[in-house]
Amino acid sequence: SQTIHQWPATLVQPVGSPLSLECTVEGTSNPNLYWYRQAAGRGLQLLFYSIGIDQISSEVPQNLSASRPQDRQFILSSKKLLLSDSGFYLCAWNFQGTAYGYTFGSGTRLTVV
Amino acid sequence: GQSLEQPSEVTAVEGAIVQINCTYQTSGFYGLSWYQQHDGGAPTFLSYNGLDGLEETGRFSSFLSRSDSYGYLLLQELQMKDSASYFCAVRGDDKIIFGKGTRLHILP
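Keeping their order, the protein sequence lines are chains U and H. Residue 80 in our numbering is what sits at position 80 of the first sequence, and the numbering runs on without skipping anything. Numbers in our numbering are just positions in the second sequence, counted from 1, shifted up by 113.
A few of these clues could be false.
Unchecked claim - Subject to a maximum C-alpha distance of 25 Å in a straight line, what follows is the list of computed DMTMM-like cross-link-like pairs (lysine to aspartate or glutamate): (1) U/K79 / U/E22; (2) H/K213 / U/E59; (3) H/K213 / H/D165; (4) H/K194 / U/D54.
Stated by the list, open to error - Computed spacing ranges between beta-carbons, pair by pair: (5) H/L220 / U/S20: 20 to 30 Å; (6) H/E122 / U/G27: 32 to 42 Å; (7) H/Q115 / U/I51: 27 to 37 Å; (8) H/N134 / U/A40: 23 to 33 Å.
No lab work stands behind these hints, which were simulated from the structure alone. Virtual Cβ for every residue (Gly too), placed ideally from N, Cα, C.
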């Protein structure tokens, strides 16, 4: 069976500090991978999605970036965090070529102070 | 542009039935999904409709009408643990677009 791992679960970072969130999927190959952000009490905002290694699409221009150095690894980064980057970050995957639903990681709650 | 509309909040009584509607406007359509999210948790997949009609999974059912660009999630025999946010999501092109979510409040 497939599993998705996301870490860390919580993070408190000062403004201007760097960020690295990691997500890995096990039990499948060539998944679609996604990063979402959810502000408190709000919907899900798609940040990045990837259909393959080094194939990243950005949905929202901002100071975040994503990378996919391996087939089942997806990393969300920032060089300098802003207060507005606070939120609940979710990694998700689904099968290539399918309209079926996502499986989400457990999320990272980021607070920028 | 692409958009999904669903009510922001719905209130129902324990043991009752509630319906959460979702209308969508997307370029391309490859299915409608529903997700449940409890406070502090990640969304979990509930159901998927690729074709018109009703899909039933236990107390939850989901309906799709592609000609009306409309779907709904039906929750029966409501329990307090069903208090959560519910998101509809539509697959278009290479990604899935989410609605803003419906907060379901359940009264005892």
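Broken hints, numbered, in rising order?
-> Hints 4, 5, 7 are the ones this structure does not satisfy, whereas the remaining hints hold.
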